[in-house]
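Asks: So the chains spell out like this:
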Amino acid sequence: MSYLVIEGLHKKYGQSTVLTNINMDIQKGEFITLLGPSGCGKSTILRIVAGLTDASAGKITIEGKDMSGVQPKDRQVGMVFQSYALFPNMTVQENVAFGLRMQKVNATDIEQRVQEMLALVHLSEKANAYPKELSGGQQQRVALARALIVRPKVLLLDEPLSALDAQIRKKLQADLRAIQRKLNMTMILVTHDQEEAMAVSDRIFVMNNGSIAQNGTPTEIYTRPDNEFIANFIGHYNVFTRQALEQMLGVTLLEHCSKFAIRPEALHLDQRDGDMCIAGIAKQSLMNGNIIRTTFDGETMFTMEQLHQQQGYSIEMGKSYKCYVAKEDVIALS
Amino acid sequence: MKKRGLADFFFLLLVGYLLLPVLATMLYAFASKWNKTILPEGLTLKWLSTLFQDTDFIQAFGRSVLLASGAVSIALLVIVPAIFVIVLYFPTYEKWIQMAVVMVYSFPGIILAVGLIRVYSQIGIPMILVVLGAYVVGILPYIYQGTRNSLRNIDARQLLDAAQLLGASKRQAFKKILLPTVYPGLFAGALLSFSVLFGEFVLINLVVGSRFETVQIYLMKKLSTSGHIASAVVFIYIVLMGLLTFVIAIVTKRSKGATNL
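Residue numbers (this note's numbering), protein chains in the order written: chain A, 1 to 334; chain B, 1001 to 1261.
Careful: at least some of the hints might be erroneous.
Straight-line C-alpha distance at most 27 Å; calculated BS3-like pairs for lysine-lysine [unchecked claim]: (1) A:153 - A:171; (2) A:59 - B:1170; (3) A:12 - B:1175; (4) A:28 - A:65; (5) B:1176 - A:73; (6) B:1033 - B:1046; (7) B:1175 - A:73; (8) A:170 - A:259; (9) A:12 - A:73; (10) A:153 - A:28; (11) B:1036 - B:1046; (12) A:153 - B:1095; (13) A:170 - A:153; (14) A:132 - A:28; (15) A:182 - A:65; (16) A:283 - A:322; (17) B:1175 - A:132; (18) A:170 - A:28; (19) B:1003 - A:132; (20) B:1176 - A:65; (21) B:1175 - B:1036; (22) A:171 - A:259; (23) A:182 - A:153; (24) A:59 - A:104; (25) A:153 - B:1221; (26) A:12 - B:1170; (27) A:153 - A:65; (28) B:1175 - A:104; (29) A:104 - B:1170; (30) A:182 - A:73; (31) B:1221 - A:73; (32) A:182 - A:171; (33) A:132 - B:1170; (34) B:1036 - A:104.
None of these hints come from the bench; they were simulated from the model.
Chain A on its own, in the form it takes in the complex:
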C-alpha cells in the first residue's frame, strides 16, 4: 500500500486554476522531487499536503488516513521553508526543541534528542547562537533539524537550498540525501533546479502549468522525455520538427510523431556502426567547466556537447562538420 496518496487534486484561486488533477502515489522512505518552472503549482501541492492551504477538490491520505479537515499541527507533516522560517527570538537549541515542547515531551528527553539532532546536522557548537548569528547554510541545517526532530511521517522541503551559493548547495544536497536514507524518511522536495532533482531523487514529478507532465526515475526522465516541454526543461535537448530532422538525416523516420529530441551529448564527430549523420556549420562554442557546448547551423540550429579534453579543442568556427548519432538516441516526442 502506498504511504502518501494524492488523488484528483485541484486548486483554484478565484477564476485562476493553479492545480489540475494531480495524482501521486508515494512509498515510505521515497525521496520525491516536484520539479518545474516558477509558478507551476509545485509549492501549492506542498502547502495542501501540509494543510496550510485548502484544496478545491481531491483527497490526500497518509498511511491510509484521510487528511481532509485535519489541522496542520495534527498531520505529523514537517516542512522546511526556502526562507528557513527560524524563530528569531529563540536560540538554535530552542528552535530545534520547539516541536518537542509542543508535544510536551519531558525536559530530559528534549535535551537528549536536541543534542542528537544537532550532531546529525553538525551544529552542536552553535546550540546557543541566535539565527541572525548563523550563515544561510547553517540556518537551513537548523530548519532541517527542527523539522526532523518531531519525526514527521512526511517531510516537505520547499526550495530549501535555492538561496544558498552553489558550493554549499551541493554539500547540503548530499547531506540531505544521506540523512533521508539514514532515517528512511519520506521526503518531497520542491525545486526548479533539474540538476538538484537528478542528484537527490528516487523519483521526479515534472510539473508544467499546474499539472504533472511526466514522472519517473531521474534516468527515465532524462533519457526518455515524453514531450517537448520535458526535453527543453531537462538538460539542453535539441528538439527538431520531423521535416527538419528528416532533411538533415536524409532518411524517413518511422515513428508517428511530429517532433524528435536528441541529447547534445549523444552527438559525436566520429562515425560508429549504424549511426545517422547530420551536418552543420560550427557557429559558437561555450566552455562550461568539463563540458564544451558547440552550436551548429544545419537545417536548423543544434548543439553538441563534448567532454573537455586535456589536449584541447579541435572544432573551428565557420567550418562544416558531420555529427553522428545512434538511432536509439533519436527520441520521438508525443
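Model the placement of chain B on the given structure of chain A, informed by the hints.
Replies: Chain B only, in chain A's frame:
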C-alpha cells in the same frame, strides 16, 4: 578643510537655534530671579517644589497619564489584533488602513474638535470619552507603523505556518513566536503614541476644556500667573519626553537586532 569648518559652524548654529529656547525655559524653571541680567541671578528648586505641592498639578498630571495610557491601551487591544489579522490573512485590505492613516494626518485639530462637538455634544455621551475615542483613532498611524514594520521584518505568515507544523495551535504560535518578535516595535509605537497624546492640547482644550484639566491645560493656565511655574511644568514635560525617547531608542535598536535575519 574649509568646507568642513563651515559645515560644523552651520550645524552648531542650527543646534543652538533649536536648543536655546529649550535650555532657557529649563533654566528659567530653576532661576530665583531673571529679569535684568543675561543669566539668572540665582538658582532655586522653589518652583519645582511649589509645583509638586500643588494638588491641581498632580491631578492634572494624573489625568494626562490616564487619558494617554487609556487611549494607548484601547488602541493596543483593538487596533493591533486587527492589523495582525489583516496583514497575515487579508493583505488586500491593508490599503484601507493606509487610507485611514493618511486621513488621520489630514484632519486639522480645530476641524476635528468642532466636528466632534457638533456630532456628540447633544447625544449625552461624556465628551471626555469622545476625546478618548478620537485619541485612539489619532494614534492609529504610530501603532500601525510599529506593528506593520515589525511584521514586515520577519515574514510573519511563514513563522506561523512553521510553528503550526511543529504542533503549535494558532494561539500558541501567536503567543510564543509572533508576539515576542514584534513586541519591541509594538512597544516603541505605544510609547511614541503615549508621548504624542500626553502633549496634546488642541482637542482636549476645545472639546472638554477645564472640566478635565490635563497638564497642557494646567500649563496654559499657569502661563498667565507665573512664568517660573510654567517653565517648571515644561521642564518636567521635557524630562518625561526625554526618558520616553531614550527607552524608544533602546527598544528600537534591540528590535533591529532581533530581526536581522
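Asks: Indicate, hint by hint, whether the structure satisfies it.
Replies: Against the structure, the hints:
1. A:153 - A:171: 25 Å, holds
2. A:59 - B:1170: 24 Å, holds
3. A:12 - B:1175: 32 Å, violated
4. A:28 - A:65: 14 Å, holds
5. B:1176 - A:73: It holds: about 15 Å lies between the C-alpha atoms, which stays within 27 Å.
6. B:1033 - B:1046: Satisfied, since the Cα-Cα distance of roughly 11 Å is no more than 27 Å.
7. B:1175 - A:73: 16 Å, holds
8. A:170 - A:259: 34 Å, violated
9. A:12 - A:73: Holds - the C-alpha atoms of residue 73 of chain A and residue 12 of chain A are around 24 Å apart, at most 27 Å.
10. A:153 - A:28: 9 Å, holds
11. B:1036 - B:1046: 20 Å, holds
12. A:153 - B:1095: 41 Å, violated
13. A:170 - A:153: 26 Å, holds
14. A:132 - A:28: With Cα atoms ~35 Å apart, residue 132 of chain A and residue 28 of chain A exceed 27 Å; violated.
15. A:182 - A:65: 25 Å, holds
16. A:283 - A:322: Given that 27 Å is the threshold and the Cα spacing comes to 14 Å, the pair holds.
17. B:1175 - A:132: Holds, at about 21 Å.
18. A:170 - A:28: 25 Å, holds
19. B:1003 - A:132: Violated, at roughly 41 Å.
20. B:1176 - A:65: At roughly 30 Å apart (the allowed maximum being 27 Å), residue 65 of chain A and residue 1176 of chain B break the hint.
21. B:1175 - B:1036: 62 Å, violated
22. A:171 - A:259: Violated: residue 171 of chain A and residue 259 of chain A sit about 38 Å apart, past 27 Å.
23. A:182 - A:153: Holds, at roughly 15 Å.
24. A:59 - A:104: Since the Cα atoms of residue 59 of chain A and residue 104 of chain A sit roughly 31 Å apart, the hinted pair is violated (cutoff 27 Å).
25. A:153 - B:1221: 72 Å, violated
26. A:12 - B:1170: 25 Å, holds
27. A:153 - A:65: Distance ~12 Å between residue 153 of chain A and residue 65 of chain A Cα, so the pair holds.
28. B:1175 - A:104: Status holds; Cα separation ~17 Å.
29. A:104 - B:1170: 17 Å, holds
30. A:182 - A:73: 25 Å, holds
31. B:1221 - A:73: 61 Å, violated
32. A:182 - A:171: Cα-Cα ~17 Å, so holds.
33. A:132 - B:1170: The hint holds at about 25 Å.
34. B:1036 - A:104: Violated - the C-alpha atoms of residue 104 of chain A and residue 1036 of chain B are around 76 Å apart, more than 27 Å.
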